[in-house]
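**Student:** Residue numbers (the numbering used here), protein chains in the order written: chain A, 1 to 204; chain B, 205 to 505.
Hints listed in this document are in silico derivations from the structure and should not be mistaken for laboratory results.
Some hints could be false.
Unchecked claim - Calculated lysine to aspartate or glutamate pairs in the EDC-like style (CA-CA distance at most 20 Å, straight line): (1) B:Lys372 with B:Glu353; (2) B:Lys424 with A:Glu39; (3) B:Lys342 with A:Asp147; (4) B:Lys405 with A:Asp37; (5) B:Lys314 with B:Glu415; (6) B:Lys504 with A:Glu105; (7) B:Lys424 with A:Asp53; (8) B:Lys419 with B:Asp358; (9) B:Lys405 with A:Glu39; (10) B:Lys424 with A:Asp37; (11) B:Lys317 with B:Asp371; (12) B:Lys372 with B:Asp420; (13) A:Lys114 with A:Glu203.
Claimed, not checked - A short list of chain A residues far from chain B (calculated; beta carbon distances all over 12 Å): (14) Phe45; (15) Tyr63; (16) Val172.
Since we're looking at a predicted model, the values are computed, not measured.
Backbone N, C-alpha and C define an ideal beta-carbon position, used for all residues, glycine too.
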Amino acid sequence: MSTRVFILPIWIRIWHWTNALLIIILSVSGASLHFADPELVLVPFALAARIHDLAGLALVAAYSFFAIANVVTGNWWQYVPKPEGFIKKCVRQVRFYAWGIFHGEIPPYPPTPKNNFNAMQQIVYWFIMYLVMPVLLITGVIFMWPDLAPKSVFGYDGLMPVAVLHYLAALVIVSFMFAHIYLGTTGHKISTHFKMMITGWHEH
Amino acid sequence: MGTDPETVAQVRAWNAECLQCHVGDSLHEQGKGLFNLPKAANKSDRISPKFTASNHGNMACKTCHVGAFLSYPHVAEEISKKAETLGCNECHAQESFRVEAQVAKSVHSKNLKDNFTCSTCHDPHVVASAKKLGSVHKLVAQDNAMCMECHNSDKKFAEFGGKVLPDKKRPDIDKIHEWLPNTQRHWQAARCIDCHTPPVKANASLSVSHEILNKDKAQKNCSTCHAQDSALRTGLYRHIKETEAKEMGFANAAFLRNSYVVGATRNIYLDLLGLIMVGGTIGGVSLHGLLRILAARRRKS
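Looking at chain B on its own, in the form it has when it is part of the complex (with noise of 0.2 Å):
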């Protein structure tokens, strides 16, 4: 969809129409306040904030909500037979074609079958890129939130993994995690993705893989990312790599601006000044030290 003034308003008004009944505690999206803005407010303001600041938020809801969707008023028999909302991959063929081997390795893929699809994980009427967001923080806990959805309710879990999988029990995200230093700040600063996929290159045509991968493939080398070279440059922070100079001596300062990552954001007149300290310290003493032999040595003869 366009983004210029007349087709918004053309959109905006197609939507408006829809959400005349898709409103409230209406039919569409229940508890997710996406569309629950009250009744009394402008109908053509009805529309949640987190749809329009998503991907899709300049679409029509027709665009994706078709067949009997389309005809207005809905004839219950028809939409229960003839309705449809179009899968991502109308739009995203491409997309969905470079994820698909990736997704069937997933972990999620070979668990789940069928029962898994890219809604799952991301819901179309609020999922937004990182350049969208513009705060990796958002992006984090955008990410991260979609995860915790299943991952942090037994209800979720089991609604899923139950048909498949009826023994398997949520493990407790804290008590798993118990290794990891700083589990919280990790949650706040990185998203599950970043240890749970495989790393991606810096050339790479997706900026993450969609192979989700089960605790243990995951990764647990630290210095992945808590190093100079880290993975985080050509992941979690790819979108901003422009930004990946040096400020004030700091290497990957885009990261400062959210976490300090220690072994990452070293500063680089830090490690000289240090050593110039420990490595002058080292040498001064030891040339002391021989000097004092050698006067020894001659003072003895």
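So that you can see chain A by itself, here it is in the shape it has in the complex (with noise of 0.2 Å):
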């Protein structure tokens, strides 16, 4: 028989959904301006960079619900990699990555209503909310309003150190997203994340 523990408040997972949402569709609009060819049209650039614009101020505003939230609900710890055993338990999730899951086992850390992730989840979404995130977004605020770039680095365009880092931030997240995604399949079932991420509740 499986039990049920409820693990996401209903203001992380619209968060959740939101943010996933935004980010797929400043994916392909943002791949489709980078990218921009006349013979290959993903989504048309005028369209795309009205679409990336919009989006992406739609994802600071969630960023900044998210932020603010963490703060007031104490939700930010659940984020802070612990220094104990953590190197053991990284290991031990590894091994499950590596071996375990193919054997059968069960995932060695489940959430629970103390610790929503593992120690791997802990270190990954950290670097990603709170590291790769704020740059994304801040050179992207910048690129929506050209003027708060430098005039020029290097003898370049002061564009061009905020677009490159803009880049590299948006592999990560696209990178992760597709990483992120792939992992919500090991939980107990197939479903199992997928359903606590859109209930609640974590069942196993």
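Each chain sits in its own coordinate frame; assemble them with the hints.
**Tutor:** Right, here's the structure in full:
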């Protein structure tokens, strides 16, 4: 018989799916802008630019909500890797992905109300949400108001380093997105984590 | 005109004669700041740096201003009858011939007929080639100022357009370009004619078409410029195409010195890194998933 534990409050779930939708929209429109080619159109450039601007502003709003709600609810603590047994926990998690999962083992650290994330999730989510996302958003805002960028840097347009950082941060986020969606299938059952992200209840 | 020191000195001396009177709030080019240096300035230095830096900067006034202009003091009656300023085609015959058909198709010629001449846009006293200006930003500023002189001035617009199209009101430039993202940024980085003329081929004899297109025919496909094979290569940056080579992996590095052009100034190394990161992640998780399926089947059997 399976047990149910309530893990995720409604605000995290709404924020998560809003964020997911915006990241997908921004990835497709961003790729259409960066790899623009009159012969190979994913989304027409002008439309992609408009969508990217609007979705980008929405992402800034969503991130601001996430940051404030995290502080207010104390949820920020979930993201902080705890030193005690951290390496050991990571090794056990890696062993699960590399070996255990192929041999029918159950995940070593299922989510609990106290610890939503396993040690690897903590460090990766912390890196993504507190380092990469701010870089992505700040460079995105500068891109939208390019006068905020320095006029020139080492003889190049001052937007160049902004664009490069924005692109690199986007690469990390897009790579993370694919890995994140896939790792969503590594719960007790393939659907376990997806169900949890919708209902807030973890079943195992 | 030659550029050897003797010829230059001779030209300066001739021009200084003209500039004894044509100076200050003078008879020539009033308000344009061209010949309005203080009267106290050394006479031979009175000519504006704008003119000196222009394509015609080493020419004598009297090369173009002939007829009754050549005799001094000018005789008032003769000036009104016999004074003559040569047309551009007197020297630029080949170019005039080449652009003639394009100009005829231009929206300006269609609307303004004979009121519209070379000098309506190209003020011969200030116009400078891209090479002379030395920077793309300066070229953009110069060329856009030609258009804006009328299209940003109700007075000038009416002066030309009013004769043939009295009901035509000057459209607000910002308003009709609202669709263009970062409009002001575009106007600092690209010329009006980069969109308002048909694209030219890389090997065309003229760097830009003189067929000015109205808003219905102008370029609206952003990826004409915003692409690796950008039309800016054969247009705005044509004169520095030798430096088109990649720098630090950036395509169209020549653009990058002036503007980061999304889609055009991509970095091939970073694009490769993107392919490895995103492709590697998708490949990695796909392989992992496949192995999980195979392992599950094996366990069942």
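**Student:** It remains to establish, for every hint, whether it holds in the given structure.
**Tutor:** Status of each hint after checking the structure:
For a cut-off of 20 Å, the pair hint linking B:Lys372 to B:Glu353 stands: about 17 Å separates their Cα positions. A threshold of 20 Å between alpha carbons decides the hint, and for B:Lys424 with A:Glu39 the separation of about 15 Å falls inside it, so the pair holds. Between B:Lys342 and A:Asp147, the direct Cα distance comes to roughly 19 Å. Compliance with the 20 Å bound is thereby established for this hinted pair. Between B:Lys405 and A:Asp37 the CA atoms are separated by roughly 18 Å; this keeps the pair inside 20 Å, and the hint holds.
A distance of roughly 11 Å separates the Cα atoms of B:Lys314 and B:Glu415; the hinted pair therefore holds under the 20 Å criterion. For the hint linking B:Lys504 to A:Glu105, the alpha-carbon distance of about 14 Å falls within 20 Å, and the restraint holds. For the suggested pair B:Lys424 and A:Asp53, the alpha carbons sit about 19 Å apart, so the restraint of at most 20 Å is met. Restraint check for B:Lys419 and B:Asp358: the C-alpha separation of about 19 Å stays at or below 20 Å, so the hint holds.
The straight-line distance between the Cα atoms of B:Lys405 and A:Glu39 is roughly 18 Å, inside the 20 Å bound, and the hint therefore holds. Our distance criterion of 20 Å between C-alpha atoms is met by B:Lys424 and A:Asp37, whose separation comes to about 14 Å. Note on B:Lys317 and B:Asp371: the hinted pairing holds, with a Cα-Cα distance of about 17 Å set against a maximum of 20 Å. At roughly 16 Å between alpha-carbon atoms, B:Lys372 and B:Asp420 fall within 20 Å of each other, so this suggested pair holds.
The straight-line distance between the Cα atoms of A:Lys114 and A:Glu203 is roughly 16 Å, inside the 20 Å bound, and the hint therefore holds. The claim that A:Phe45 lies off the interface is violated: its Cβ sits roughly 4 Å from the closest Cβ of chain B, which falls inside the 12 Å cut-off. At the 12 Å boundary, the C-beta of A:Tyr63 stays outside the reach of chain B, the nearest C-beta of that chain being 22 Å off. The claim that A:Val172 lies off the interface is violated: its Cβ sits roughly 7 Å from the closest Cβ of chain B, which falls inside the 12 Å cut-off.
This entry does not satisfy hints 14, 16, going by the numbered hints stated previously.
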